[in-house]
Amino acid sequence: MVRLIFLTLLVAASIVRAADPDPLQSPMWDYTREQFIGSAPYRFDERIVVSLPAFAENPTQVPLQIDATVLAGDIERIIVWADLNPIQHIFTYFPHPDVIPKISLRFKVQQGTAVRAAVLTQSGVWHVGSAYLDAAGGGCTTPSTGNASPYWESHLGETRSRAFPLSSEEGIRFKFKVIHPMDTGLADAIPEFYIQQVILRNSREENLARLELSQPVAENPVISFDLKDDLSARAGEYLLWMRDNNGNEFEKAL
Amino acid sequence: MKSYLAVFLMLLCESLYSAPLQYNLTAHEIALNTWVVEGKREDFSRANGGNIVNTAFIVTGEGVVLLDTGPSLKYGRELRTLIGTITDQPIQYIFNTHHHPDHFLGNQTFHDRPIYALPKTGKLMAEHGSAFAENMYRLVGDWMRSTEVHLPDQPLTLERLDLGGHRLRFMSMTGHAGADLVVLDETTAVLFTADMVFYQRALTTPHTPDLKQWITELAHLEKLEFKWLVPGHGPVSEGTEAIVQMRDYLIWLDKRLRQAAEQGLTMNEVIQLPLDSRFVGLAVARKEYIRSVAHLYERYENAMFE
Numbered sequence: 589m590v591r592l593i594f595l596t597l598l599v600a601a602s603i604v605r606a607a608d609p610d611p612l613q614s615p616m617w618d619y620t621r622e623q624f625i626g627s628a629p630y631r632f633d634e635r636i637v638v639s640l641p642a643f644a645e646n647p648t649q650v651p652l653q654i655d656a657t658v659l660a661g662d663i664e665r666i667i668v669w670a671d672l673n674p675i676q677h678i679f680t681y682f683p684h685p686d687v688i689p690k691i692s693l694r695f696k697v698q699q700g701t702a703v704r705a706a707v708l709t710q711s712g713v714w715h716v717g718s719a720y721l722d723a724a725g726g727g728c729t730t731p732s733t734g735n736a737s738p739y740w741e742s743h744l745g746e747t748r749s750r751a752f753p754l755s756s757e758e759g760i761r762f763k764f765k766v767i768h769p770m771d772t773g774l775a776d777a778i779p780e781f782y783i784q785q786v787i788l789r790n791s792r793e794e795n796l797a798r799l800e801l802s803q804p805v806a807e808n809p810v811i812s813f814d815l816k817d818d819l820s821a822r823a824g825e826y827l828l829w830m831r832d833n834n835g836n837e838f839e840k841a842l
Numbered sequence: 007m008k009s010y011l012a013v014f015l016m017l018l019c020e021s022l023y024s025a026p027l028q029y030n031l032t033a034h035e036i037a038l039n040t041w042v043v044e045g046k047r048e049d050f051s052r053a054n055g056g057n058i059v060n061t062a063f064i065v066t067g068e069g070v071v072l073l074d075t076g077p078s079l080k081y082g083r084e085l086r087t088l089i090g091t092i093t094d095q096p097i098q099y100i101f102n103t104h105h106h107p108d109h110f111l112g113n114q115t116f117h118d119r120p121i122y123a124l125p126k127t128g129k130l131m132a133e134h135g136s137a138f139a140e141n142m143y144r145l146v147g148d149w150m151r152s153t154e155v156h157l158p159d160q161p162l163t164l165e166r167l168d169l170g171g172h173r174l175r176f177m178s179m180t181g182h183a184g185a186d187l188v189v190l191d192e193t194t195a196v197l198f199t200a201d202m203v204f205y206q207r208a209l210t211t212p213h214t215p216d217l218k219q220w221i222t223e224l225a226h227l228e229k230l231e232f233k234w235l236v237p238g239h240g241p242v243s244e245g246t247e248a249i250v251q252m253r254d255y256l257i258w259l260d261k262r263l264r265q266a267a268e269q270g271l272t273m274n275e276v277i278q279l280p281l282d283s284r285f286v287g288l289a290v291a292r293k294e295y296i297r298s299v300a301h302l303y304e305r306y307e308n309a310m311f312e
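Those protein sequence lines, which keep their order, are chains H and V. Residues in the first sequence are numbered from 589 upward in steps of one, following the working numbering. Residues in the second sequence are numbered from 7 upward in steps of one, following the working numbering.
Because the hints were derived from the structure by calculation, they are not lab data. Be aware that one or more of the hints could be misleading.
To be verified - Simulated coverage check for chain H against chain V, where a stretch passes if three residues somewhere in it have a Cβ under 8 Å from a Cβ of chain V:
1) 624-630
2) 642-655
3) 742-750
Bear in mind that the values here come from a model prediction, so they are computed numbers and not experimental data. Glycine included, every Cβ here is placed at the ideal spot set by N, Cα and C.
Please take these sequences and the hints and turn them into a complete structure.
Shown next as structure tokens:
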């Protein structure tokens, strides 16, 4: 009987140990993990590269790049969040198996925080990449600059883009900028107003890349996607579609 | 035994924590009647209390001319005391060269004296001063105690000033902060560039209107007749060496950002690129490069979109 209890304890202890400790020791890890990946199996994976500057020079425009190429072809989705932001979720990315799972955008940060990219593979295991960002803060509760100037009202959804050949790999990068205030709803008396959906389609109507954005994505988003494709063959074959939380839809041929 | 330990620890804490914060400023006479108080070639920290800036003063025959007042009330007080140990003459003119916090938050100490600045500098200080001061409290802590924004009260419209045997010439520029005052003492051939020139310390770009504008203005500075150059940050140097280093860096940075944008690099990828070997040895080079990318890359990126 004693031996049985001992064995049970031993098993219990090994399960506890099996849960990877958070390399960044963020106080919110257990909470955010529960919220975004529930009780699914996960592991911290340094090969999921979360690129951030060490310090947020401008807390309303922090550049963030996620590189999950190591799991290319095996990705269900990538959820990206900041542990200590008042709205943690930044975006979720659903890459088509044919795209290079590398994406970049800018976001707003409220204080120094761990930033996570959790990649769900087809086997059901989450691979979590992390990086720490130091910040003076205030990015999420600052009114958008657009709020002080009427420029955006007449240019809402206006999108400028360009395709670039990728030097290191076979492929192209689409970079685009869309005019949108991306208000979080956390600045006084300014309701939330932000782009929620971004889809990049090819000429066969396939969704190559789908993004679900949340309020922390920075004002006038600049987003880049990497695709396995030949730049010379594309010419107007891609369509970018977006919708904000007020139901405005924006489209642009790339 | 335990009580000895406790007493020992208390004494230790006492010595660690009660040491008053002091800048221990010293001035060097770099030319006749011309003194420079050189700051550390570092970024703001709790160790240096924000003393990363150069201030300077000229002891003319008819009173002292002071250029910039430092990062805090405490610095301003120490500076005023220091000047008092060198001359009995009153401080006649104070100039704030531009609106960055390390150059004017010592103003409070000199509230009883006229403080001059370019009109636009005064506006920028009124607009951003409090936020800058708040940030300084966060960055350097207790060194800032009781520091408040004290705005300059004399809009500078003079182009020249003859005082006590010194002929001073004022030039209004914009490259570094949007409004930058440069002072040439024609009598001693000393050029006080403030932050229009950084030397042996990487330059900062948070409010530059345009790197090309800055480069053009440096060319004007280079043509002036001077022997000694007092930069806003870094050591005093002879001749145009400091201007040449600045211009090289600005041209390189402008080209780096333009080429990166043409290649479609993301901001993070630009941050990760190596520095040119010529600039690796500058103090705070890596950190200031990263900050500059954050300040400026979006402009270059915008220019690339179709």
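Would you check chain V against the stretch 642-655 of chain H, counting CB to CB pairs closer than 8 Å, and say if three or more residues qualify? n = 8 at 8 Å, threshold three: holds.
Three residues minimum, CB to CB under 8 Å: does the stretch 624-630 of chain H make the cut for coverage by chain V? Let me know. As far as the stretch 624-630 of chain H goes, the hint is violated, because 0 residues have Cβ atoms under 8 Å from chain V.
Within the stretch 742-750 of chain H, is the number of residues with a Cβ closer than 8 Å to a Cβ of chain V three or more? Per the Cβ count (3), the hint holds.
Going down the numbered hints, you'll see the structure goes against just number 1.
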